[in-house]
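Residue numbers 0 to 303, in numbering that gives the first Met the number 0, belong to the letters of the sequence shown in order.
Worth double-checking, as some hints may not be accurate.
Here are the simulated EDC-like pairs of lysine to aspartate or glutamate, each with C-alpha atoms no more than 20 angstroms apart in a straight line [as the list claims (entries may be wrong)]:
#, residue 1, residue 2
1, Lys18, Glu235
2, Lys59, Glu99
3, Lys274, Glu235
4, Lys274, Glu130
5, Lys1, Glu47
6, Lys107, Glu171
7, Lys271, Glu126
8, Lys245, Asp218
9, Lys245, Glu215
10, Lys83, Glu131
11, Lys274, Asp127
12, Lys1, Glu58
13, Lys178, Glu22
14, Lys1, Asp145
15, Lys18, Glu215
16, Lys1, Glu17
17, Lys245, Glu235
18, Lys107, Glu25
19, Lys245, Asp298
20, Lys59, Glu25
21, Lys59, Asp127
22, Lys271, Glu235
23, Lys107, Glu17
Derived from the structure by calculation, the hints contain no laboratory data.
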Amino acid sequence: MKVFMTGGTGFVGRKLAEKLAQEGLEVTVLTRSASRIRSAPRGVSLLEGDPISQGPWQEKAASHEIVINLAGASIFTRWTDSAKREIRESRLLTTRNLIEALSVRREKETLFMSASAVGYYGFHGDEDLVEESAPGNDFLATLARDWEAAALEARTAGVRVVLCRFGVVLGEGGGALTKMIPLFRWGLGSPLGSGRQWFSWIHESDLAEICIFLIEHADISGPINFTAPNPVTNREMTRTLAEVLKRPCFLPPVPGFMIRLMMGEFGSVFLKGQKALPGRLLREGFEFRFPHLREALEDILARQ
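All chains should be modelled from the sequences, with the hints used to inform the complete structure.
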């Protein structure tokens, strides 16, 4: 089977593309700058093109049975009006262009896996959030809701659509841990705000295995929470990471007002969070290799 990916050169996409290729799938990664990438994993080919613009790459995408959409401008920035516009348009335009490409596959079995996030649910304190839970109404929740709605348009062409609601991805060489580990190694790690906000996470290996599981189970569609079954609070995450690194964790929490002052509206992502659970995956029988945070961190740090 052939897989077409957008966002395949990013932190999550690189690892996923490599894993899919190891499983024997032919993977094509769309990138704006193929000439700047020195090498790709075995079984992964690069195609130059801009996913937010129509172009010859759409014809290539249409020749693949599986399309995985991970593209979108980073949310890790101060949310000015222009930044919000870029974050939103990069996701919606890419999704619409992919659906246009897939429209020619009306008579062929096709899977469209489109990234989303647990931010879809908004902020609900200690409430357990599963795929059937209602969406929130803040910026990220509205973005995720509209992004998912755009992806679901592919169903009109008979495409099976899976909405991948990612938690915080933990792994090597990128993501949240690359920013956290240096501070903790210097003994500067501390909770954020109250520390009671939930941290829904997923090990990069489990994320890749979930994708393979969904490819193999053609009866599964719709939203899927890509989160470990045991979310933790920010305080627990802080303590666990310090213990795994064998470093002290004695500093007082970073006050919420300081985070809001530095990050503006984006600071709410760190101060509130979601307690998202993988309800559908557990019902479908998926087995997590890393269901608990400590063993996930120990595995990642042992490989660094």
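When the hints from earlier in the document are held up against this structure, which numbers fail?
Violated hints: 1, 6, 8, 9, 10, 13, 14, 21 and 23; rest satisfied.
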